[in-house]
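A.B. asks: As a plain string of letters, each chain reads:
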Amino acid sequence: MNKIKKLTFANLGRDNPVVIQILGICSTLAVTNVLENTVVMSLGLIFVTALSNTTVSMLRKWIPSRIRMMVSTLIIASYVIFVDIVLKAYVPDISRQLGPYVGLIITNCIIMGRAEAFALNNKPGISFIDGLTSGIGYGYVLVIIAFLRELLGSGTIWGIPVLGDWWVNWSIMVMAPGAFFMLAVFIWIVKGKFIREEATS
Amino acid sequence: MSKKNKTKERVTMVVFMFALTVFFVSIISAVHIATKDLVKRNESLFLKKSILYTAGIKTPTDPEMTEKVFKNKVKILNDSPPFKYEVNTEKGKVTVNTVSGSGLWGEIIAHVGFFDDNTISGISFIKQAETPGLGARIDESWFKEQFRGKKRPLKFVPEGKSSSTEEFDAITGATVTTKAVKNMVNGI
Chain A
1 MNKIKKLTFA NLGRDNPVVI QILGICSTLA VTNVLENTVV MSLGLIFVTA LSNTTVSMLR
61 KWIPSRIRMM VSTLIIASYV IFVDIVLKAY VPDISRQLGP YVGLIITNCI IMGRAEAFAL
121 NNKPGISFID GLTSGIGYGY VLVIIAFLRE LLGSGTIWGI PVLGDWWVNW SIMVMAPGAF
181 FMLAVFIWIV KGKFIREEAT S
Chain B
1 MSKKNKTKER VTMVVFMFAL TVFFVSIISA VHIATKDLVK RNESLFLKKS ILYTAGIKTP
61 TDPEMTEKVF KNKVKILNDS PPFKYEVNTE KGKVTVNTVS GSGLWGEIIA HVGFFDDNTI
121 SGISFIKQAE TPGLGARIDE SWFKEQFRGK KRPLKFVPEG KSSSTEEFDA ITGATVTTKA
181 VKNMVNGI
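So the sequences go chain by chain: A and B. Just so we're aligned: the first sequence equals residues 1 to 201 in my numbering. Just so we're aligned: the second sequence equals residues 1 to 188 in my numbering.
Errors might be hidden in some of the hints.
As the list claims (entries may be wrong) - Pair ranges (Cβ atoms, derived):
| no. | chain 1 | residue 1 | chain 2 | residue 2 | range |
| --- | --- | --- | --- | --- | --- |
| 1 | B | K40 | A | G159 | 39 to 49 Å |
| 2 | A | L104 | B | E140 | 21 to 31 Å |
| 3 | B | K161 | A | W170 | 14 to 24 Å |
Claimed, not checked - Distance condition first, Cα-Cα at most 27 Å in a straight line; then the derived BS3-like pairs of lysine-lysine:
| no. | chain 1 | residue 1 | chain 2 | residue 2 |
| --- | --- | --- | --- | --- |
| 4 | A | K193 | A | K61 |
| 5 | B | K179 | B | K151 |
| 6 | B | K151 | A | K88 |
| 7 | A | K3 | A | K88 |
| 8 | B | K144 | A | K88 |
| 9 | B | K179 | B | K68 |
| 10 | B | K49 | B | K182 |
| 11 | B | K93 | B | K36 |
| 12 | B | K3 | A | K61 |
| 13 | B | K179 | B | K49 |
| 14 | B | K8 | B | K73 |
| 15 | A | K61 | B | K8 |
| 16 | B | K150 | B | K91 |
| 17 | B | K48 | B | K68 |
| 18 | B | K150 | B | K93 |
| 19 | B | K84 | B | K68 |
| 20 | A | K61 | A | K123 |
| 21 | B | K49 | A | K88 |
| 22 | B | K48 | B | K71 |
| 23 | A | K88 | B | K150 |
| 24 | B | K4 | A | K61 |
| 25 | B | K40 | B | K144 |
| 26 | B | K40 | A | K88 |
| 27 | B | K127 | A | K88 |
| 28 | A | K88 | B | K68 |
| 29 | B | K71 | A | K88 |
| 30 | B | K48 | B | K161 |
| 31 | B | K68 | B | K49 |
| 32 | B | K84 | A | K88 |
| 33 | B | K71 | B | K36 |
| 34 | A | K61 | B | K6 |
| 35 | B | K71 | B | K3 |
| 36 | B | K3 | A | K88 |
| 37 | A | K6 | A | K88 |
| 38 | A | K5 | A | K123 |
| 39 | B | K58 | B | K91 |
| 40 | B | K93 | B | K73 |
If you are wondering where the hints come from, they were derived from the structure by calculation, not from laboratory data. All C-beta atoms in this analysis are idealised placements derived from N, C-alpha and C, irrespective of residue type, glycine included.
If we strip away everything but chain A, and leave its shape as in the complex, we get:
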């Protein structure tokens, strides 16, 4: 139980995949200009990391070490295609909006990183928790960034106008460079405010 707690806190905070490990940046830049897409993307990623971690962990004793990356990629790709098909069949509108982004989950380094660094050396149960919390750690950072980008860039939240007519949209916020600024500022604040204290204690 203690191990799970420690792992969860690490993935959400001190070892956060986006803020600390700087992984998954491509998708952070690409999808965070609209909150709705970000949430679907994050849910997809959480699903895929959790299950691919579990699967890799279950097979870890049989995977020949020289081809372990191929095996992980195969497993990850299968889950991602599964998510893609399910979205297409049951929520076609969101699937259409996300377009190629769902397929790009395959190349998200967080999933591969967790399979490589954690699932290959740990039992399925704890690997599942690790994948789940890594995904959540990624998701909540993205949602915060998307919230701010959509608010500043389009004056809306979840597509609903909140800022009114006086607000002049910051076009740069909805383009990729806006994500660079937002992410950099976010990492700066988090590292300066929270992480340093933990390191010294």
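Starting from the known structure of chain A, arrange chain B on it as the hints suggest.
C.D. replies: Frame of chain A; chain B shown alone:
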């Protein structure tokens, strides 16, 4: 490691990878086959809704009703690309054309409908890959709705400034996309 062992290791790797691939591909194929009809139906429903929307007919939310309305009112004039339809509406006959143009990131495909006197009945985008939050706003209803009743050739003016039937609002920060839409509407 002896030569024999190495060969054995290699064979194991290939067999393992092969077996795993077969296993996962079978599962994915099964899921794909199970949902194939649903996906196909979603796509055809999407196109039908888009055609009705373009012609200015309110689309029912119920899929079966949409099919029924479509069957009653739409005649297919050209069933190979570029698809062309004729829709009977309360305001008269509408010809819906499928047009394409080059956006910022890729092809934009749209349905554009015209009454007999060349007035635009509506526009609906069926494929676009523009920047979300900028060019992708062509899919928002304020942008699509403004075309109803306008006359070609159209030109675009800054967002919120259009005042006549020959002008439409551009999207700020998405001039390339707006130009593509203008050419698509005018080009037919």
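A.B. asks: Would you mind marking each hint as holding or not holding in the structure?
C.D. replies: To see whether the hints hold, each was checked on the structure:
Roughly 28 Å separates the CB atoms of K40 of chain B and G159 of chain A, a value that falls outside the hinted 39 to 49 Å. For the hinted restraint 21 to 31 Å between L104 of chain A and E140 of chain B, the CB-CB distance of approximately 24 Å keeps it satisfied. Here the CB-CB span from K161 of chain B to W170 of chain A is close to 21 Å, well matched to the stated 14 to 24 Å. For the suggested pair K193 of chain A and K61 of chain A, the alpha carbons sit about 42 Å apart, so the restraint of at most 27 Å is broken.
Among the hinted pairs, K179 of chain B with K151 of chain B is consistent with the structure: their alpha-carbon atoms are about 16 Å apart, no more than 27 Å. A C-alpha spacing of about 36 Å is found between K151 of chain B and K88 of chain A, which places the hinted pair above 27 Å, so the restraint is violated. Between K3 of chain A and K88 of chain A, the direct Cα distance comes to roughly 38 Å. Violation of the 27 Å bound is thereby established for this hinted pair. For the given pair, K144 of chain B sits about 24 Å from K88 of chain A by alpha-carbon distance, which is consistent with the 27 Å threshold.
At roughly 36 Å between alpha-carbon atoms, K179 of chain B and K68 of chain B are farther apart than 27 Å, so this suggested pair is violated. For the hint pairing K49 of chain B with K182 of chain B, the CA-to-CA distance comes to about 23 Å; that is within 27 Å, so the pair holds. Restraint check: the Cα-Cα separation between K93 of chain B and K36 of chain B comes to about 35 Å, which exceeds 27 Å; the hinted pair is violated. In summary, the hint linking K3 of chain B to K61 of chain A is supported, as the alpha carbons are separated by about 24 Å, within the 27 Å threshold.
The hinted pair formed by K179 of chain B and K49 of chain B meets the criterion: a straight-line CA distance of about 25 Å does not exceed 27 Å. Taking the CA atoms of K8 of chain B and K73 of chain B, the gap is about 68 Å. The hint is violated against a cut of 27 Å. Taken as a hint, the K61 of chain A and K8 of chain B pair is honoured in the structure, with Cα atoms around 18 Å apart against an allowance of 27 Å. For the hint pairing K150 of chain B with K91 of chain B, the CA-to-CA distance comes to about 15 Å; that is within 27 Å, so the pair holds.
At roughly 11 Å between alpha-carbon atoms, K48 of chain B and K68 of chain B fall within 27 Å of each other, so this suggested pair holds. This hinted pair checks out: K150 of chain B and K93 of chain B have alpha carbons roughly 16 Å apart, not beyond 27 Å. With a CA separation close to 19 Å, the supplied pair K84 of chain B and K68 of chain B stays within the 27 Å bound. Taking the CA atoms of K61 of chain A and K123 of chain A, the gap is about 10 Å. The hint holds against a cut of 27 Å.
Restraint check for K49 of chain B and K88 of chain A: the C-alpha separation of about 17 Å stays at or below 27 Å, so the hint holds. As the CA atoms of K48 of chain B and K71 of chain B are separated by approximately 10 Å, the hinted pair is consistent with the 27 Å bound. Between K88 of chain A and K150 of chain B, the direct Cα distance comes to roughly 35 Å. Violation of the 27 Å bound is thereby established for this hinted pair. For the hint linking K4 of chain B to K61 of chain A, the alpha-carbon distance of about 23 Å falls within 27 Å, and the restraint holds.
A threshold of 27 Å between alpha carbons decides the hint, and for K40 of chain B with K144 of chain B the separation of about 26 Å falls inside it, so the pair holds. Restraint check for K40 of chain B and K88 of chain A: satisfied, since their Cα atoms lie roughly 10 Å apart, inside the 27 Å limit. Pair hint K127 of chain B plus K88 of chain A holds up; C-alpha atoms about 15 Å apart against a cutoff of 27 Å. With a C-alpha separation of about 24 Å, the suggested pairing of K88 of chain A with K68 of chain B holds against the 27 Å cut-off.
Between K71 of chain B and K88 of chain A the alpha-carbon distance is near 25 Å, which keeps this suggested pair within the 27 Å criterion. For the given pair, K48 of chain B sits about 32 Å from K161 of chain B by alpha-carbon distance, which is inconsistent with the 27 Å threshold. Taking the CA atoms of K68 of chain B and K49 of chain B, the gap is about 11 Å. The hint holds against a cut of 27 Å. For the proposed pair K84 of chain B and K88 of chain A, the alpha carbon gap of about 26 Å is at most 27 Å, so the pair holds.
At roughly 23 Å between alpha-carbon atoms, K71 of chain B and K36 of chain B fall within 27 Å of each other, so this suggested pair holds. Restraint check: the Cα-Cα separation between K61 of chain A and K6 of chain B comes to about 19 Å, which is no more than 27 Å; the hinted pair holds. Restraint check: the Cα-Cα separation between K71 of chain B and K3 of chain B comes to about 70 Å, which exceeds 27 Å; the hinted pair is violated. For a cut-off of 27 Å, the pair hint linking K3 of chain B to K88 of chain A is broken: about 50 Å separates their Cα positions.
For the proposed pair K6 of chain A and K88 of chain A, the alpha carbon gap of about 37 Å is over 27 Å, so the pair is violated. Between the alpha carbons of K5 of chain A and K123 of chain A the distance comes to roughly 16 Å, so the proposed pair stays at or under 27 Å and holds. Distance restraint check for K58 of chain B and K91 of chain B: the Cα-Cα separation of roughly 13 Å lies within the 27 Å cut-off, and the hinted pair is therefore satisfied. Restraint check for K93 of chain B and K73 of chain B: satisfied, since their Cα atoms lie roughly 10 Å apart, inside the 27 Å limit.
Hint check: violations occur at hints 1, 4, 6, 7, 9, 11, 14, 23, 30, 35, 36 and 37; the rest are consistent with the structure.
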